[in-house]
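Chemist: Chain by chain, the residues:
There are 2 protein chains.
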Amino acid sequence: MVSLEIHYPNGKTFHFKKEDRKIKVKKYQYGNRGMTLEDDINESNKYYLSNKIAVIHKKPTPIQIVQVDYPERSKAVIKEAYFKTPSTTDYNGVYRGKYLDFEAKETKSETSLPLKNFHEHQIRHTEAVLACGGIAFVIIRFSKTEEVFLLEGEHLLKFWQRMESGGRKSIAKDEIMQYGHYIPLGIQPRIDYIRLIESLYY
Amino acid sequence: MVSLEIHYPNGKTFHFKKEDRKIKVKKYQYGNRGMTLEDDINESNKYYLSNKIAVIHKKPTPIQIVQVDYPERSKAVIKEAYFKTPSTTDYNGVYRGKYLDFEAKETKSETSLPLKNFHEHQIRHTEAVLACGGIAFVIIRFSKTEEVFLLEGEHLLKFWQRMESGGRKSIAKDEIMQYGHYIPLGIQPRIDYIRLIESLYY
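These protein sequence lines are chains V and E, in that order. By the working numbering, the letter at position 174 of the first sequence is numbered 174, and the numbering carries on one by one without gaps. Basically the working numbering = 1-based index in the second sequence + 1000.
Hint data in this document are derived by calculation from the structure and do not stem from the laboratory. From the three backbone atoms N, C-alpha and C, an ideal C-beta is built for every residue, glycine too. Careful: at least some of the hints might be erroneous.
For lysine-lysine, the following DSS-like pairs were computed, each having C-alpha atoms within a straight-line distance of at most 27 Å [what the hints assert, rightly or not]:
| # | chain 1 | residue 1 | chain 2 | residue 2 |
| --- | --- | --- | --- | --- |
| 1 | E | K1173 | V | K75 |
| 2 | V | K75 | E | K1079 |
| 3 | V | K79 | E | K1075 |
| 4 | V | K75 | E | K1084 |
| 5 | E | K1046 | E | K1158 |
| 6 | E | K1116 | E | K1059 |
| 7 | E | K1144 | E | K1058 |
| 8 | E | K1058 | V | K84 |
| 9 | E | K1173 | E | K1116 |
What follows is a list of derived Cβ distance ranges for each label pair [claimed, not checked]:
| # | chain 1 | residue 1 | chain 2 | residue 2 | range |
| --- | --- | --- | --- | --- | --- |
| 10 | E | K1144 | V | M35 | 17 to 27 Å |
| 11 | V | K116 | E | P1071 | 22 to 32 Å |
| 12 | E | N1051 | V | S109 | 32 to 42 Å |
| 13 | E | K1084 | V | T111 | 37 to 47 Å |
| 14 | E | E1164 | V | G133 | 33 to 43 Å |
| 15 | E | R1073 | V | D39 | 45 to 55 Å |
| 16 | V | A76 | E | S1109 | 43 to 53 Å |
Taking the hints into account, I'd like the entire structure generated from these sequences.
Modeler: In structure tokens form, the structure reads like this:
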């Protein structure tokens, strides 16, 4: 999923603190609890890390840096840079020695996940990971109902191929319920996808 | 290792192409073949990826974005951003289902690798990865002789602990030769660390 921070308006035109702005933006854009799927996954990952269960991190957004200033007595400031297209998915890491790799996708639709939420490079990366024996999947949230599902990479690839063969341009929610796995929301961790991965792959 | 790109002078004061500049800077800074350790590893990773052997990527440098402009009819320009401290090592990925994680370190010293080349967060991350069953290591190049070694994360942690207990602040080259593994340079891939990992862990 695209980082929210990119879309912030220029901080300098605001008079309240950066932290306030962050909360405000998120509450406005994302449902009841004011938490994005990404927030929930990041908090779950923190829980896994501090309990030595799994080490999973979100990858930083790749940036092409063009100009950097080094003002005296203060830290380097990037003055000109551009977003680059990533070559991987957003999250990866290790659980019980195995490699996990996934993408998080949220949709406002109540009936399907549009495949335009995926980029070609994410699909190619998922294929490559599976070919090398990794565990690849998608965590999907239907934001209206706050239901979260895990769909294995193998199924994602099949739905993508269906689209490329002229079929529908989305995955129906019914299909996600049929081929994927519901993840009940918890307190700690909020989205316990590792428990599900454990039961599916170990 | 810190990305070279960060240290480029502002492209606008140069009259030759960006690609030329890149080669020039690298030849000047790094030894005979004009390739950094990072270049060699990235090319090896491309080889592994295109031959479906392993999927290993370098993580992007994490950036805190403060201001972005959206000029009409052109792409978003980041106008103010800062480097953030990463929470992981630089490289990770999958080989035959297992999680690999490593850092690349180059030194001009002929006798040791100073431990100041490592950051606290890289050591903590290495511990966490090992605790979750991942394969963690360092690829070390002595730039004067162009010798490359792989040292397992377990040994790195021991040398780090020795320093924290008041011992030497570097790993002697002799120790790297004793506990680590020499990687002969090749053509394709240039640094075949996966072959070594295969023999050590599979």
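Chemist: Which hints from the list above does the structure break, by number from lowest to highest?
Modeler: Numbers 1, 5, 10, 15 and 16 - these are the hints that the structure violates, sorted from lowest upward.
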